[in-house]
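Enquirer: Residue numbers (the numbering used here): 59 to 312.
Hints may contain errors.
[Stated by the list, open to error] Mimicking SDA-like on lysine to any residue, the simulated pairs with C-alpha atoms at most 25 Å apart in a straight line are:
hint	residue 1	residue 2
1	Lys177	Leu134
2	Lys177	Asp224
3	Lys287	Ala238
4	Lys177	Ser162
5	Lys177	Ser206
6	Lys177	Asp148
7	Lys287	Thr301
8	Lys177	Met163
9	Lys287	Glu303
10	Lys177	Glu190
11	Lys287	Leu113
12	Lys177	Gly208
13	Lys287	Gly253
14	Lys287	Leu134
15	Lys177	Ala238
16	Lys177	Arg147
17	Lys287	Ala268
18	Lys177	Thr237
19	Lys177	Leu137
20	Lys177	Ser164
21	Lys177	Ala198
22	Lys287	Arg139
23	Lys287	Thr237
24	Lys177	Ala221
25	Lys177	Glu204
26	Lys177	Ala141
27	Lys177	Phe152
28	Lys287	Gly96
These are computed hints drawn from the structure, not numbers from a lab.
Since this is a predicted model, take the numbers as computed values, not measurements.
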Amino acid sequence: MTRTTPTTRTVVAEASGLTKDFGSVAVLRGISLSIQAGEFVSVVGPSGSGKSTLLYCLSGLEPPTTGQVSLMGTPLGPLRRNALARLRRDHLGFVFQSYNLIPSMSAWENVALPSRLAKRRIPESAVDAALERVGLRAQAGQRPSELSGGQQQRVAIARVLLAEPDIVFADEPTGALDTASGAQVLALLRQAASGGRAVVLVTHDLNAAAVADRVLVLGDGTIHQELLKPAPEEVFAAVNRATEEAGHAATGPA
């Protein structure tokens with residue numbers, strides 16, 4: 059396994075000896091990693107390699123079977139449910155393929171909703187500015203059904219930008235989008251990571267993965283390889299190797 063170590067910065071997320079089993083199936087097999095402030099990290103790998111499971115464990119949405127996850131220096135294991143919910147609310151942002159917008163609310167109201175639920179005083183101008191950043195100020199009054207898929211995803215990103223989280227977790231955010239809309243969403247995530255905010259992207263789009271500062275290539279529940287600022291063809295080659303090795307492991311020796 060090849061590893062490259064990025065320049066040391068503030069660690070915002072860390073996993074040590076992380077495993078995750080679903081019944082008798084081992085999905086993650088002893089993963090250790092760290093994410094630094096300002097990093098854009100993508101996670102790729104063949105189907106079933108544990109990409110989304112890793113994201114859910116890192117973000118506290120799914121407890122690991124063994125091992126430890128820390129966010130902003132706080133170990134998640136000892137936290138009670140309410141404390142974990144507060145940590146996610148105060149420090150994390152999420153962007154999913156399904157957008158997770160409220161159909162009866164306007165784009166403006168969807169962007170403002172998490173801050174209002176957290177009882178944070180957000181001026182209306184800040185909501186306007188978040189929509190402006192994603193190019194949707196003119197669509198502020200429209201409901202999700204009146205927006206394209208790409209526009210809905212940009213509303214979801216505006217919602218994250220307004221909250222200014224320390225870490226953004228994005229799970230296949232371009233999976234349902236056309237090429238142009240997907241490129242816009244990736245550019246916004248790239249910008250989010252440039253201001254000291256970390257972004258962790260799970261994607262099956264290997265060209266999209268290559269936009270990141272660092273690419274983690276998973277294979278059979280482990281980190282098969284880490285690539286630093288790779289070209290798309292390097293990501294393709296690494297995923298192919300991980301797929302081949304996972305196939306050999308599944309079939310065993312001839």
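Enquirer: Hint by hint, which ones does this structure get wrong, listed from lowest number up?
Expert: 5, 12, 14, 15, 18, 22, 25
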